[in-house]
Amino acid sequence: MRIPVRFELNGHAVEVEVAPDRTLLDLLRDTMGETGTKEGCREGECGACTVVVDGRAVNSCLFPAPEIDGTRVLTIEGLSCDHGRLSRVQQAFLDASGTQCGFCTPGMVMTAVAFLAENPAPMDTEIREALTGNLCRCTGYVQIVEAIQLAARRSRDPQA
Amino acid sequence: MRYSYHRPASLDEASDMAAALPNARFIQGGTDLMVRIGQGRERPGHLISLRRIGELTTIDANREIRIGAGATLSDTLAHPDIRRRLPALAQSLAALGSRQVRNMGTIGGNLCNASPAADTAPPLLVYDARVEIRNGRAIRCLPLAEFLLGPGKTALQAGEILVAIVVPDPPEGTGSAFIRRGRVTMDLAIASVAASVRLNGGASIAIRVAAGAVAPTPRRLTAAEAVATPTDDWSRAAIAAREQIEPITDLRASAEYRRHLTGILVRRALTMAAAASGQWSIDR
Ligand SMILES: Cc1cc2nc3c(=O)[nH]c(=O)nc-3n(C[C@H](O)[C@H](O)[C@H](O)COP(=O)(O)OP(=O)(O)OC[C@H]3O[C@@H](n4cnc5c(N)ncnc54)[C@H](O)[C@@H]3O)c2cc1C
Ligand code: FES
Ligand code: FES
Numbered sequence: 001m002r003i004p005v006r007f008e009l010n011g012h013a014v015e016v017e018v019a020p021d022r023t024l025l026d027l028l029r030d031t032m033g034e035t036g037t038k039e040g041c042r043e044g045e046c047g048a049c050t051v052v053v054d055g056r057a058v059n060s061c062l063f064p065a066p067e068i069d070g071t072r073v074l075t076i077e078g079l080s081c082d083h084g085r086l087s088r089v090q091q092a093f094l095d096a097s098g099t100q101c102g103f104c105t106p107g108m109v110m111t112a113v114a115f116l117a118e119n120p121a122p123m124d125t126e127i128r129e130a131l132t133g134n135l136c137r138c139t140g141y142v143q144i145v146e147a148i149q150l151a152a153r154r155s156r157d158p159q160a
Numbered sequence: 161m162r163y164s165y166h167r168p169a170s171l172d173e174a175s176d177m178a179a180a181l182p183n184a185r186f187i188q189g190g191t192d193l194m195v196r197i198g199q200g201r202e203r204p205g206h207l208i209s210l211r212r213i214g215e216l217t218t219i220d221a222n223r224e225i226r227i228g229a230g231a232t233l234s235d236t237l238a239h240p241d242i243r244r245r246l247p248a249l250a251q252s253l254a255a256l257g258s259r260q261v262r263n264m265g266t267i268g269g270n271l272c273n274a275s276p277a278a279d280t281a282p283p284l285l286v287y288d289a290r291v292e293i294r295n296g297r298a299i300r301c302l303p304l305a306e307f308l309l310g311p312g313k314t315a316l317q318a319g320e321i322l323v324a325i326v327v328p329d330p331p332e333g334t335g336s337a338f339i340r341r342g343r344v345t346m347d348l349a350i351a352s353v354a355a356s357v358r359l360n361g362g363a364s365i366a367i368r369v370a371a372g373a374v375a376p377t378p379r380r381l382t383a384a385e386a387v388a389t390p391t392d393d394w395s396r397a398a399i400a401a402r403e404q405i406e407p408i409t410d411l412r413a414s415a416e417y418r419r420h421l422t423g424i425l426v427r428r429a430l431t432m433a434a435a436a437s438g439q440w441s442i443d444r
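Chains W and A supply the protein sequences, listed in that same order. Position 159 (the first sequence) corresponds to 159 in our numbering; numbering is contiguous. Position 38 (the second sequence) corresponds to 198 in our numbering; numbering is contiguous.
Looking at chain W on its own, in the form it has when it is part of the complex:
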């Protein structure tokens, strides 16, 4: 039994059939071929699989694929659609060295995108709290917090 779902992926209408026992992560990576979203733990711990569904960051590894019907999904592939130009948050991660091996980066960026929409002028402690569900083995987090601060500053002042 396959289940038909219709949803919006990065601004485009999508209609596919999903197996009932697959997750949103499987749907994105295996069915849609969009491998920017990463799989780390499959247990909700690492945040590498974070995507934004209806404005909220979720762990796509725990999100049943059939539940995606009727939602709007934003993934890392949806950020830089403007002729290959990086989005503000992506550019800030690059400029502040918020990425090293890069495996955690798509999840970090998606968490940051949803968080900054809610809190455009955060304190460092609020950023750290927002990143509780995203693990990074490389950076030590300091540059990631700086990158998110930089993105926040640039949204107020594009010259920052």
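Calculated from the structure, these hints are not laboratory results. It cannot be assumed that every hint is accurate.
[Stated by the list, open to error] Only some residues are given here: those of chain W computed to face chain A with a beta carbon under 8 angstroms:
hint, residue
1, 13
2, 43
3, 59
4, 64
5, 67
6, 86
[To be verified] Restraint-style ranges between C-beta atoms, simulated for each label pair:
hint, chain 1, residue 1, chain 2, residue 2, range
7, A, 408, W, 16, 40 to 48 angstroms
8, W, 33, A, 312, 33 to 41 angstroms
9, A, 200, W, 16, 22 to 30 angstroms
10, A, 180, W, 85, 48 to 56 angstroms
11, A, 298, W, 94, 16 to 24 angstroms
Don't be surprised by glycine CBs; every beta carbon is placed ideally from N, CA and C.
Here the structure of chain W is known, so what remains is to put chain A with the ligands in place on it, guided by the hints.
Using the frame of chain W, we list chain A with the ligands on its own:
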């Protein structure tokens, strides 16, 4: 294919499916169930999703506070009446998991999963919450303390749906607080304590204490409540609390450490709750 997936639009439909489908489980946020299925610890034949049932997600704060079992942890935390009238519950929600987990997970799922460490349980016990359960077309109510029976075990019978958590409005002048300690921010609690205090000019009128992760279920610490007096710095309550728990040693902490920690958390939670009541100051 390991399981099939169903999305009923009403409670009646969900109840009928649960009665008809063998080896079926309800799912809300999936933050407990999907992990356990992934680890092979649970092998359901059917998942019945309750996410499309609108009435499960409403929070009604007109008189008593009625929280739909399917309300997400994020929505419950963001609700202004819950922050103002049930601050210990809000504090437990803020400490639970990550943003992603709170955006998916639900308050009903937290209780039905029945972890001894379920973070929303100690505050809800302190607030004397009761649960509303749908059995076919009938509704029954239970005090939360009678709902939580053991690790992973609740009073739900096969096919029963937790519909709502109902919390009486705390009386004027009540202060409450929740604290927990874990190894890192995003890990289950080693121990957690919620307390509420209502004082009248420094003398107590009503004191309630509950703890999580230190017994087979989150539980009220009635012995601590009985001896708690604000005039002795709450240390009698802390000593009584240590005797009323049954901590175990596991990968997170030893039983001895949990017992020690519980005493400290009880004293701090009572101090914070008394301060929040506005009737008492910390540095008397
Ligand atoms: C990374 C991570 C960190 C976490 N951290 C914490 C933490 O710090 N503290 C904490 O307490 N928990 C934590 N959890 C556990 C979990 O997120 C919570 O318990 C959450 O509230 C579960 O809600 P849910 O809707 O996702 O439940 P689900 O997984 O959908 O369901 C849980 C159980 O309840 C049953 N169920 C659900 N709804 C109903 C209903 N209406 N009627 C009858 N049965 C029902 C299901 O069949 C299942 O057995 C964490 C989980 C993860 C993945
Ligand atoms: S892969 Fe989803 S949280 Fe780790
Ligand atoms: S950059 Fe390597 S895990 Fe974060």
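- Which numbered hints fail: The structure breaks hints 1, 6 and 11; every other hint is satisfied.
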